[in-house]
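K.L.:
Sequence:
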Amino acid sequence: MKNQRELTVLLIEDDQFACEEIRNYIDQLDDMHLLGITDDSNKALDMVQYCIPDAIILDLELHEGGGNGLFFLSKLHDLGLEKLPYILITTQNTSNVTLEAARQLGADFIITKYERDYSAQKPVELLRMMRNAIQRHSTPNTTVPTLSPAEQNRKLTIRIHRELDAIGISPKAIGYEYLTEAIIIATNEPVPNLSRAIASKHAGKTPASVERAMQNAINRAWSNGNPEDLARNYTAVINYKRGVPTLTEFIYHYANRFRNEL
Numbered sequence: 001m002k003n004q005r006e007l008t009v010l011l012i013e014d015d016q017f018a019c020e021e022i023r024n025y026i027d028q029l030d031d032m033h034l035l036g037i038t039d040d041s042n043k044a045l046d047m048v049q050y051c052i053p054d055a056i057i058l059d060l061e062l063h064e065g066g067g068n069g070l071f072f073l074s075k076l077h078d079l080g081l082e083k084l085p086y087i088l089i090t091t092q093n094t095s096n097v098t099l100e101a102a103r104q105l106g107a108d109f110i111i112t113k114y115e116r117d118y119s120a121q122k123p124v125e126l127l128r129m130m131r132n133a134i135q136r137h138s139t140p141n142t143t144v145p146t147l148s149p150a151e152q153n154r155k156l157t158i159r160i161h162r163e164l165d166a167i168g169i170s171p172k173a174i175g176y177e178y179l180t181e182a183i184i185i186a187t188n189e190p191v192p193n194l195s196r197a198i199a200s201k202h203a204g205k206t207p208a209s210v211e212r213a214m215q216n217a218i219n220r221a222w223s224n225g226n227p228e229d230l231a232r233n234y235t236a237v238i239n240y241k242r243g244v245p246t247l248t249e250f251i252y253h254y255a256n257r258f259r260n261e262l
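Heads up: the sequence shown begins at 1 in full-length UniProt numbering, then just goes up one per residue.
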């Protein structure tokens, strides 16, 4: 039985063989979860905002991909994350100047790939060994910039999409966009009638059609989705007779949560 949630990891690596080795190894573990893999530092920044990993395994060079690890580290602080992921660097670089620059930019630990006992499993095992400490002591981001309302809404939209995706609400569903807008409104400045407020922004839509689309998206997730994913990712109490959240319950479950995090 698990006493603690899995350590979530993002892999930024351009060696496809190493990526497959790490992926296959983590797939066998019950205390870690690989959120994604990329060989591009710009894409990695987007993935961090979307996934919010506990830890990152970062290759410095990324010769076969795009950018490099130092660029990624220099931009990571600009994302405005409340807590920074633990950064474990893997590298072939032997330059003390480069490695010192990586430390100054926020690297927590560096493993050199030219070490005799290096393997793709080594960074994974180091993170497993430190899992409890990483999850208890995420690094506070002391350089969080002041965000404009538009930027705050952009970040909130990313969070909402991540939550909707996790419970199986398809981005193709008409109600997906409406639910996103409803949660943003309810988080920032609740109004008496959310469906009317959303319908007013979409030509030809009525409050009833907006409300119906949102509830249908929720109903489909609960009827077609994975029960384990729903139980893990939607933690609000649901009336056992109904078996699915009402629209108001659903929207304000997330709105209240996000409001407390702002």
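Some clues are possibly wrong.
[Said to hold, decoys possible] Restricting the straight-line Cα-Cα distance to at most 20 angstroms, the calculated cross-link-like pairs of lysine to aspartate or glutamate (EDC-like) are:
1. Lys-83 <-> Glu-151
2. Lys-201 <-> Glu-163
3. Lys-122 <-> Asp-31
By construction, these hints were calculated from the structure, which means they are not laboratory data.
K.L.:
Next step is simple, just say for each hint if it's right about the structure.
P.N.:
These are the hints, each one checked on the structure:
Between Lys-83 and Glu-151 the CA atoms are separated by roughly 18 angstroms; this keeps the pair inside 20 angstroms, and the hint holds. Our distance criterion of 20 angstroms between C-alpha atoms is broken by Lys-201 and Glu-163, whose separation comes to about 23 angstroms. Restraint check: the Cα-Cα separation between Lys-122 and Asp-31 comes to about 16 angstroms, which is no more than 20 angstroms; the hinted pair holds.
Taken one by one, the earlier hints fail for this structure only at number 2.
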